[in-house]
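Let the sequences and hints guide you as you build the complete structure.
Single-letter residue listing:
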Amino acid sequence: MLPHKAEIIDITQETETNLNIKTFRYRFLDDEVRENFQFKPGQFMMVTVFGVGEAPFGFASSPTEEDYIEFSVKEVGLVTEALHNMKEGDVIGVRGPFGNGFPVKSTDGKNIIFIGGGIGLAPLRSLINYVMDEKNRDKYQKIQLLTAFRSPEDTLYCYDYDWWEEVEDTKIKYTIDEPCEGWSKCVGYPHTLIEDKLEWDLPNTRFFTCGPPIMIKFVTNRLKDLGIEPSEIITTLEMRMSCGVGKCGRCNIGHYYVCKDGPVFTMEQLGEMPDEY
Amino acid sequence: MSNYEKVTEEIQEIASKLLKEDEVDKIIGFGKGLFSKEVTPIFVSREEDVNRLLFSPEAEMSLAKYLLNYKDQKVAIVAKPCDSRAIASYLSEDLIKRENVKIIGINGCPGIEDNTACQECDIRNPVIFDYTVGEEMSDEEIQAEIAGFKDEIEEMSPKEKMEYFRNEFERCTRCYACREACYVCYCEQCFTESNQPDWVGDSVKLNDNITYHLMRAMHMAGRCVNCGACEMACPEGIDVRALAAKMVRAADEIFDYKAGVDPEQKTLLSEYDVNDREKGFMD
Amino acid sequence: MILKKVNKENFKELFNKLKADYNIAAPVLMEKGKKELIEYEYVDDFADIIWDKQPDSSPKNIIFPQNNYLGNDFEGNAPYDDGKETIILGVRSCDIEAIKVLDQVFIEDDMYIDENYKKRRDKTIIVGISCPERQNSCFCDTLGLDPVESDYAPIYLFKDGDDFWIKVKEEKYENLFAELPEGDQTKLTEILEKRRDKFKESSFELDIPIPLPEKEMFEADIWQEMTENCLGCGVCTYYCPTCYCFNFFWEGADGESEKYKSWDSCMFSSYSAHASGHNPRDGKDKRYRNRIMHKFSYHPLNYEGLACVGCGRCIDRCPVNLDIREALKMTEQYLNEKGGAESGKD
Numbered sequence: 048m049l050p051h052k053a054e055i056i057d058i059t060q061e062t063e064t065n066l067n068i069k070t071f072r073y074r075f076l077d078d079e080v081r082e083n084f085q086f087k088p089g090q091f092m093m094v095t096v097f098g099v100g101e102a103p104f105g106f107a108s109s110p111t112e113e114d115y116i117e118f119s120v121k122e123v124g125l126v127t128e129a130l131h132n133m134k135e136g137d138v139i140g141v142r143g144p145f146g147n148g149f150p151v152k153s154t155d156g157k158n159i160i161f162i163g164g165g166i167g168l169a170p171l172r173s174l175i176n177y178v179m180d181e182k183n184r185d186k187y188q189k190i191q192l193l194t195a196f197r198s199p200e201d202t203l204y205c206y207d208y209d210w211w212e213e214v215e216d217t218k219i220k221y222t223i224d225e226p227c228e229g230w231s232k233c234v235g236y237p238h239t240l241i242e243d244k245l246e247w248d249l250p251n252t253r254f255f256t257c258g259p260p261i262m263i264k265f266v267t268n269r270l271k272d273l274g275i276e277p278s279e280i281i282t283t284l285e286m287r288m289s290c291g292v293g294k295c296g297r298c299n300i301g302h303y304y305v306c307k308d309g310p311v312f313t314m315e316q317l318g319e320m321p322d323e324y
Numbered sequence: 012m013s014n015y016e017k018v019t020e021e022i023q024e025i026a027s028k029l030l031k032e033d034e035v036d037k038i039i040g041f042g043k044g045l046f047s048k049e050v051t052p053i054f055v056s057r058e059e060d061v062n063r064l065l066f067s068p069e070a071e072m073s074l075a076k077y078l079l080n081y082k083d084q085k086v087a088i089v090a091k092p093c094d095s096r097a098i099a100s101y102l103s104e105d106l107i108k109r110e111n112v113k114i115i116g117i118n119g120c121p122g123i124e125d126n127t128a129c130q131e132c133d134i135r136n137p138v139i140f141d142y143t144v145g146e147e148m149s150d151e152e153i154q155a156e157i158a159g160f161k162d163e164i165e166e167m168s169p170k171e172k173m174e175y176f177r178n179e180f181e182r183c184t185r186c187y188a189c190r191e192a193c194y195v196c197y198c199e200q201c202f203t204e205s206n207q208p209d210w211v212g213d214s215v216k217l218n219d220n221i222t223y224h225l226m227r228a229m230h231m232a233g234r235c236v237n238c239g240a241c242e243m244a245c246p247e248g249i250d251v252r253a254l255a256a257k258m259v260r261a262a263d264e265i266f267d268y269k270a271g272v273d274p275e276q277k278t279l280l281s282e283y284d285v286n287d288r289e290k291g292f293m294d
Numbered sequence: 478m479i480l481k482k483v484n485k486e487n488f489k490e491l492f493n494k495l496k497a498d499y500n501i502a503a504p505v506l507m508e509k510g511k512k513e514l515i516e517y518e519y520v521d522d523f524a525d526i527i528w529d530k531q532p533d534s535s536p537k538n539i540i541f542p543q544n545n546y547l548g549n550d551f552e553g554n555a556p557y558d559d560g561k562e563t564i565i566l567g568v569r570s571c572d573i574e575a576i577k578v579l580d581q582v583f584i585e586d587d588m589y590i591d592e593n594y595k596k597r598r599d600k601t602i603i604v605g606i607s608c609p610e611r612q613n614s615c616f617c618d619t620l621g622l623d624p625v626e627s628d629y630a631p632i633y634l635f636k637d638g639d640d641f642w643i644k645v646k647e648e649k650y651e652n653l654f655a656e657l658p659e660g661d662q663t664k665l666t667e668i669l670e671k672r673r674d675k676f677k678e679s680s681f682e683l684d685i686p687i688p689l690p691e692k693e694m695f696e697a698d699i700w701q702e703m704t705e706n707c708l709g710c711g712v713c714t715y716y717c718p719t720c721y722c723f724n725f726f727w728e729g730a731d732g733e734s735e736k737y738k739s740w741d742s743c744m745f746s747s748y749s750a751h752a753s754g755h756n757p758r759d760g761k762d763k764r765y766r767n768r769i770m771h772k773f774s775y776h777p778l779n780y781e782g783l784a785c786v787g788c789g790r791c792i793d794r795c796p797v798n799l800d801i802r803e804a805l806k807m808t809e810q811y812l813n814e815k816g817g818a819e820s821g822k823d
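Protein chains in written order, with this note's numbering: chain Z, 48 to 324; chain G, 12 to 294; chain P, 478 to 823.
Don't take each hint at face value.
Pairs of lysine-lysine, PhoX-like flavour, derived with a Cα cap of 20 Å [what the hints assert, rightly or not]:
(1) G:Lys269 - G:Lys257
(2) G:Lys161 - P:Lys511
(3) Z:Lys294 - P:Lys577
(4) Z:Lys264 - P:Lys692
(5) P:Lys577 - P:Lys596
(6) Z:Lys87 - Z:Lys232
(7) P:Lys763 - P:Lys806
(8) G:Lys277 - G:Lys108
(9) P:Lys485 - P:Lys636
(10) G:Lys216 - P:Lys509
(11) P:Lys577 - P:Lys496
(12) P:Lys600 - P:Lys649
(13) Z:Lys244 - Z:Lys232
(14) P:Lys509 - G:Lys172
(15) Z:Lys186 - Z:Lys87
(16) G:Lys28 - G:Lys113
(17) P:Lys636 - P:Lys481
(18) P:Lys806 - G:Lys43
(19) P:Lys664 - P:Lys649
(20) P:Lys671 - P:Lys530
(21) P:Lys595 - Z:Lys294
(22) P:Lys530 - Z:Lys294
(23) P:Lys482 - P:Lys664
(24) P:Lys636 - P:Lys675
(25) P:Lys761 - G:Lys82
(26) P:Lys664 - P:Lys485
(27) Z:Lys152 - Z:Lys182
(28) G:Lys161 - G:Lys257
(29) Z:Lys189 - Z:Lys152
(30) G:Lys48 - P:Lys806
(31) G:Lys172 - P:Lys511
It is worth saying that the hints were derived from the structure and are not from the lab.
As structure tokens, this is what we get:
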């Protein structure tokens, strides 16, 4: 399974100072691949930096976007550092799409609440942009989004906030960890804000959340305590991956492979699995 | 030289007493496996298991490293003289607390089967202990034991040495048994696991294998106690000890230094003396 | 299905004839420093082959090499030696079952097939051999395997003194043995009956539900005690015939990108370590738990059958002689104390 070659056409620096996060936009070099490559929100790809290594990244753009695909990278190690040193026009390899993706079909007709923390907002964005797209918007009822970042300098996708807020029957809430001068919006960890800032008890609501493992644990436990059905609390996990197809053995939680049976899991599924993430 | 059976008896007596008088939570020693009848490190905490403890020519593992897993508990440990040196070395590096360890040292260690380190071992009585078993060996007896030892690798020409080490390290599968068995290698993240920078490649090609073993030997300088645990652990029978043993002899010759003989000693490379006879590589 | 019987001399002639058209790997005695080990190597001389002892290594390295060059990402080639086929001679039931496990994972999956493994495996012919008696630390029969005969190998040998019985199960190989004298099935059955009796005496008894109950065993408190003497090296995984975890690495810079597949071990701490520093399995006991659970719970849940074949290599090679049988016994005791747990598969 050889990687498809893709050219980076745009790099956006998302954050400054503490965490180095960039969003990459690419386009496949081969026309046929560009025509036929299909993915679902919530799936992921293995990005190859030739000569250096590979790493898994969730699709951060919606499949409704026809001209390019995006993914966001936080610089933490060898491959991500190499990616951050790349420029527009450089070639990367892409293998995929892998994984099960979000359960989009069964979300038809529901209210949706997204809770994203830090870089965890990136895989959620593929679904957010999908449901907010004018072709799809009327399949869903009220859409709410709570984004949580460490500080105003660590926010992602600022360029999306304006058009998200314009979409019909949509409410966006932003929070940061500690109070900061000049920040007039919410303050505090996301799991403490669910009851007050979101309309969480509308009937037929589905929750999607993603962030650092500790945040996922706090948010999902809070939602369970509030009486939300575990099958309606959906998260997407990450693990160290090598092959991405369930063969190399390392990304397992119990007998599920995060690359093949996930990365999207419901809390109902996670409740039956060993606590190994 | 002590007798294996007698040493076994004495160890069991002391262990029984320690558990009865509640002085320790666990005793780390050697014993036969429940199904395989091979000697394996066992951790005895109940009196009825004390008769599993033994000492035999197959007791090749170095038990000292397990002390790092029990830093806050009271344990007793059966220590061959080389293990006692490892424990002294841990104490000199402040890694374990003296009051938490009861050392059962083996006097006049008769050696381990197939362990080439025992052929040149000149410290046959424990350097630190709370109890001893067996009979002490005098200096004359020890010198008589190792009189015939000759370092064969030293006699080789540089070309032959390269051939020898190439042959040995070609078999290396990078299982890291040598590293895990060695008392010195307690780093939480080994240099092999680093990929920024990528010091050693992940392949089992010869150059990567040699790099790994050379770099590990460099880290052993002044700290290796020549116990041979690395060599015994290797599943491919590679002469892993050779490079580190050379470091041991060099430390002895040039700086009159032996690792792990005194819990108060400083490590070799952490201090210097302006009068050190420095053997530069340009000489 | 045909059954042939030859004496050692004639088998040697057959071997020399096959040598011309096939690469043949068989157990031979290797001098490894101070150790003398029996391992699978390509052989030229029939006299070198060791028939009567269980080899200390499995033939895993022949179908699944430790360092496998996959190709240059830019050139897009995946090289494979399109030369002669390989015969692996004298593979025991445990190792045959292990090859079955590798085949399940790499080529029998409906979604992704490992082309590289498949190409190599298609050119490999397994010739099994019956075990005359229990050796070393093997306990394959406890896990439901038959050391006397295995169904998965297309050609099977039974050695009795200097006689070699050859059972050819697949038609396409029959012509290789066509000219040899026939063997008497009833005589063979007698010999095998006696062998089976020998195995019955010395069995290791074990009574655990297969697959092991996943969540219950995960939360059990026995793993710390089980791994007190474990060093955390990778020897057991490297010599285990069913362990298949691998990793990719790249070499080359500035326009070159050569990709390799190499063995990895779940016992290394960096196996599941995230770049962020988070490690879901950050202790020896957690990693050993994952290894045992994978072999006795996860693999049976995802595929058919265990991923442990009871060959005993991990016990013999382990630097501290940690015994997987002790681990299984502790598991059995734990489950019995909890009052007969249900099997995890429903």
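(message) Check whether the Cα positions of Lys269 (chain G) and Lys257 (chain G) lie no farther apart than 20 Å.
(response) It holds: about 13 Å lies between the C-alpha atoms, which stays within 20 Å.
(message) Would the hint linking Lys636 (chain P) and Lys481 (chain P) be met if the CA-CA limit is 20 Å?
(response) Answer holds: Lys636 (chain P) to Lys481 (chain P) is near 12 Å, not above 20 Å.
(request) With a cut-off of 20 Å on the C-alpha distance, tell me whether Lys806 (chain P) and Lys43 (chain G) pass. (result) With a Cα-Cα distance of about 16 Å, the restraint between Lys806 (chain P) and Lys43 (chain G) holds, given a limit of 20 Å.
(request) Mind checking the alpha carbons of Lys636 (chain P) and Lys675 (chain P) for me, to see if they're no more than 20 Å apart? (result) Holds, at about 16 Å.
(request) Assess, step by step, whether the Cα of Lys485 (chain P) is no farther than 20 Å from the Cα of Lys636 (chain P), and give holds or violated. (result) holds (9 Å)
(message) What's the verdict on Lys482 (chain P) and Lys664 (chain P), does the C-alpha distance respect the 20 Å limit or exceed it?
(response) Holds - the C-alpha atoms of Lys664 (chain P) and Lys482 (chain P) are around 11 Å apart, at most 20 Å.
(request) Would you check the hint for Lys216 (chain G) and Lys509 (chain P), treating anything up to 20 Å between C-alpha atoms as holding? (result) Judged against 20 Å, a Cα distance of about 18 Å means the pair holds.
(request) Please work out if Lys763 (chain P) and Lys806 (chain P) have their alpha carbons no farther apart than 20 Å. (result) holds (18 Å)
(request) Quickly compare the C-alpha distance for Lys530 (chain P) and Lys294 (chain Z) to 20 Å and report which way the hint goes. (result) Not OK: Lys530 (chain P) and Lys294 (chain Z) at ~33 Å, beyond 20 Å, violated.
(request) Take the C-alpha atoms of Lys577 (chain P) and Lys496 (chain P), compute the straight-line distance between them, and say whether it is at most 20 Å. (result) violated (26 Å)
(request) Assess, step by step, whether the Cα of Lys509 (chain P) is no farther than 20 Å from the Cα of Lys172 (chain G), and give holds or violated. (result) holds (17 Å)
(message) Lys761 (chain P) and Lys82 (chain G) were given as a pair; does the straight-line alpha-carbon distance stay at or below 20 Å?
(response) Satisfied, since the Cα-Cα distance of roughly 16 Å is no more than 20 Å.
Hints 6, 11, 19 and 22 from the earlier list are contradicted by this structure; the remaining hints agree with it.
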